[in-house]
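A.B. asks: What follows is the residue order along each chain.
Protein chains: 2
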Amino acid sequence: MKRYKILLLVADGLGDRPIRFLNGRTPLEAADKPNLNSILRSSLAGLMDPIEPGIVPGSDTSHLAIFGLNPRVYYKGRGSFEALGAGAELREGDIAFRGNFATIDENFVVIDRRAGRRLDEAEQLVALLNREIQEVDGVRVRFYRGTEHRVSVVLSGEKLSDKVSDTDPHEVHKKILRAEAREYTEEAKRTAEVVNKLTDRIISVLSASHINKERIERGLPPANIVLLRGASTHTELPKLKDYTSLRGAAVSATALIKGVCRSLGMHVVTPPRATGGVDTDYLSKAAHTVKLLKEDYDLVFLHIKATDAASHDGNAPEKVKAIEMIDKVVGRILDGVGSEIVILFTGDHATPVEVKEHTGDPVPVMLYTPDSIVPDYLSDFNEREARKGSLKIVGLNIMHLLLNYSNRASKYGA
Amino acid sequence: MKRYKILLLVADGLGDRPIRFLNGRTPLEAADKPNLNSILRSSLAGLMDPIEPGIVPGSDTSHLAIFGLNPRVYYKGRGSFEALGAGAELREGDIAFRGNFATIDENFVVIDRRAGRRLDEAEQLVALLNREIQEVDGVRVRFYRGTEHRVSVVLSGEKLSDKVSDTDPHEVHKKILRAEAREYTEEAKRTAEVVNKLTDRIISVLSASHINKERIERGLPPANIVLLRGASTHTELPKLKDYTSLRGAAVSATALIKGVCRSLGMHVVTPPRATGGVDTDYLSKAAHTVKLLKEDYDLVFLHIKATDAASHDGNAPEKVKAIEMIDKVVGRILDGVGSEIVILFTGDHATPVEVKEHTGDPVPVMLYTPDSIVPDYLSDFNEREARKGSLKIVGLNIMHLLLNYSNRASKYGA
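First to last, the sequence lines map onto chains A and B. Take the first sequence: its position 34, counting from 1, is numbered 33 in numbering that gives the first Met the number 0, and each next residue is one higher. Take the second sequence: its position 144, counting from 1, is numbered 143 in numbering that gives the first Met the number 0, and each next residue is one higher.
One thing to keep in mind: the hints can contain errors.
Copies of one chain are not kept apart here, so a pair can be met inside one copy or by any two copies together.
Here are the simulated lysine to any residue pairs, SDA-like style, with alpha carbons at most 20 Å apart [said to hold, decoys possible]:
(1) LYS240 with HIS169
(2) LYS293 with LYS410
(3) LYS327 with GLY23
(4) LYS290 with ALA207
(5) LYS174 with VAL55
(6) LYS391 with ALA286
(7) LYS410 with SER164
(8) LYS410 with GLY86
(9) LYS162 with THR358
(10) LYS196 with TYR376
(11) LYS391 with ASN403
(12) LYS355 with ARG2
(13) LYS290 with ASP360
(14) LYS158 with ARG112
(15) LYS391 with VAL373
(16) LYS240 with ILE18
(17) LYS391 with LEU46
Simulated from the structure, these hints should not be mistaken for lab results.
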């Protein structure tokens, strides 16, 4: 049998519920999807619980499961994924924090958790921090720029621990917090001390910078601190190539997802004008996906964040539009590589527009293969029709299904 | 409630996909199945993933699961199952190899991996080897005849390991391989040495035999070596009677499956003219099944290999015919024991005719019970209709379902 290449297409937060504004339809039901529905005729379809029924997945835990690694075993926190996604090279034992450039007043009370969110000087501020703060108490410190106000902070050295609390109070009008050991170990105590000294250094470097002086002059909130949260230890993950034999590439503009993919040893591409938002350049992503599928990769993973972003904003029309653009992306890819390809389309979790947060609802899944199979004969790809399909799966099943239907699976036993 | 006897009927490789030659129908759809469809009206039905969705099962791992033992825990390789199926008595720690009588030239290059496949002298050759080679370096050696060119080889002794590589190069025109230790242990090193000395002895015994001299005179390839592969350690498995309370008997002509059943402590019967092929005597198997059901057995497992054999040959009409014969077998059994019996019919995996290999597709399953239950009202037992049924199960569920619907289950809890 021919071994097909694989497109794994994940729309972040795809799953939804009936929306009043859409006359009781879900965004998938409301969206026009000629390309998806065309391959649906030869597809398996159904519902997937990314982790387990009812468990509300994060995008990181869900993607780990979809890529075949049980998050109960492999997930250690999102900090190191974000740092990897932001370009960090991490070694076993490094401690990564998620950070925000933020604004505090002279009493260390948080005025703006995002320093105005749009921070045109983020690049310069990160460079400044890396120049001025290279180590604290013998611990190496590195800063990596994320999107908008986000920055990853990585500590490298002996005897560090991720069992330290956040300096981020997670609310405005509250004082920043002192990091504390979350367990009775020397490592945790020492790491908390390093984090607190680091925070003092960051405040003094940023407060003294001309960039912030200019921001204040222009009436903008100064980025005078990096709030830290979610310490996580970097541990090496198994590599996709080793446990599936698949050479994998990823197309994504979302740091967290890029970090997961880098952790799995995948080649990660962020096409020009791909933003991880509703303003992303879908067709640039499609073009890069086609290019990678024509190269030496067996599996190309295409991640679209816009569906989730629209959901968090409670914007149903924007989510419908994102799905319609995804359908166009599928059309472009089929035009580019032909239909001799296995395609799995799903979401990593539901983010219902009326909830604006991730939920543990199952998400629709469809699996197209060029081979002759008994398809599920759904008339449309959406949450309601998916109930009639034969797939009732969890995220951990997906890699096995892809290997099977692309004729790449090894027999278990004789 | 009455405790019913149980017929567990497994058609090897039953599951399939739409076949062009059958106008897009699967063999199950194309086959005439009056007896199965008659009991289907009072049956549960649906789809089963023998291991997990997408995992491509071997017949051994799948049967372990169907009999209620998780292969991830209990499966150690097929060698010991085949040896047991060929009649070996194995003790904990014995090392079993799968072997082929094969033909090599004077440079130890494999000319025919099956010594012509049909080997009428196999019985005599096995007897010769058992007479001439009883031990190597203090390790006891036994040979057991399998079907056609197949032979199981068992090593018994202290300090042996299954971590040794094959002598079988798995291809013609290649030299036979020297066995090597696959881990750094004295046991593995010693076992590899024994295997290599054993191979030298086998070659000299077989080359000198008059049987091979006569084969050469008749223009046939001499069976002058036994190629060894798939070393596996025999470990005792839990017994079906202990973990289900069911006294079990098996009707099968396939060494691998007979070995699995013997491992579980079942009584194994191979009726006359049952071949494990498409030429098997179905009605002889049916008669023996009826006989065993009338005896003191609670569960009789009837295994039919013909469906898988037809699939591996890519022969759709042969597979349709095999299914129609299985339907007749069901009719005979119902005639013989009446309808006061629980019947589960399924496959151990899919072997689609157009793929010719096992795949990880789910397989249809039906469960008939004489008691009044809410049935699934399928109009026909096949892959397409099975999607409408209520069963969405894995192999490990089957024993529990059989115990429940035969009124033999014990309550879990109070």
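A.B. asks: A separate judgement is required for each hint: does it hold in the structure or not?
C.D. replies: We went through each hint and held it up to the structure:
1. Neither within a single protomer nor between protomers do LYS240 and HIS169 lie at most 20 Å apart by alpha-carbon distance, with minima of 39 Å and 25 Å respectively.
2. Taking identical chains as interchangeable, the C-alpha atoms of LYS293 and LYS410 are never at most 20 Å apart, the minima being 27 Å within one chain and 37 Å between chains.
3. Taking the closest pair of Cα atoms, LYS327 and GLY23 never come within 20 Å of each other, the shortest separation being 24 Å inside a single copy and 31 Å across copies.
4. Neither within a single protomer nor between protomers do LYS290 and ALA207 lie at most 20 Å apart by alpha-carbon distance, with minima of 47 Å and 62 Å respectively.
5. Taking identical chains as interchangeable, the C-alpha atoms of LYS174 and VAL55 are never at most 20 Å apart, the minima being 31 Å within one chain and 57 Å between chains.
6. Taking identical chains as interchangeable, the C-alpha atoms of LYS391 and ALA286 are never at most 20 Å apart, the minima being 32 Å within one chain and 39 Å between chains.
7. Taking the closest pair of Cα atoms, LYS410 and SER164 come within 20 Å of each other only across two copies (19 Å); inside a single copy the shortest separation is 47 Å, beyond that limit.
8. In this homomeric assembly, LYS410 and GLY86 never come within 20 Å of each other (Cα to Cα): the closest approach is 37 Å inside a single copy and 26 Å across copies.
9. For the homomeric pair LYS162 and THR358, neither the shortest alpha-carbon distance inside one copy (28 Å) nor that between copies (46 Å) is at most 20 Å.
10. Taking CA atoms no more than 20 Å apart as the test, LYS196 paired with TYR376 passes in neither setting, with 62 Å inside one copy and 60 Å between copies.
11. Taking identical chains as interchangeable, the C-alpha atoms of LYS391 and ASN403 lie at most 20 Å apart whether they share a chain (16 Å) or sit on different chains (19 Å).
12. In this assembly of identical chains, the alpha carbons of LYS355 and ARG2 lie at most 20 Å apart only when taken from different copies (14 Å versus 40 Å within one copy).
13. With identical chains, the CA atoms of LYS290 and ASP360 are never at most 20 Å apart, being 34 Å at best within one copy and 31 Å at best between copies.
14. Taking CA atoms no more than 20 Å apart as the test, LYS158 paired with ARG112 passes in neither setting, with 30 Å inside one copy and 59 Å between copies.
15. Taking the shortest alpha-carbon separations for LYS391 and VAL373, both the intra-copy value of 16 Å and the inter-copy value of 16 Å come in at or below 20 Å.
16. For the homomeric pair LYS240 and ILE18, neither the shortest alpha-carbon distance inside one copy (41 Å) nor that between copies (33 Å) is at most 20 Å.
17. When the C-alpha separation of LYS391 and LEU46 is checked against a cutoff of 20 Å, the pair qualifies both within a copy, at 5 Å, and between copies, at 11 Å.
Consistency note: the structure conflicts with the earlier hints numbered 1, 2, 3, 4, 5, 6, 8, 9, 10, 13, 14 and 16.
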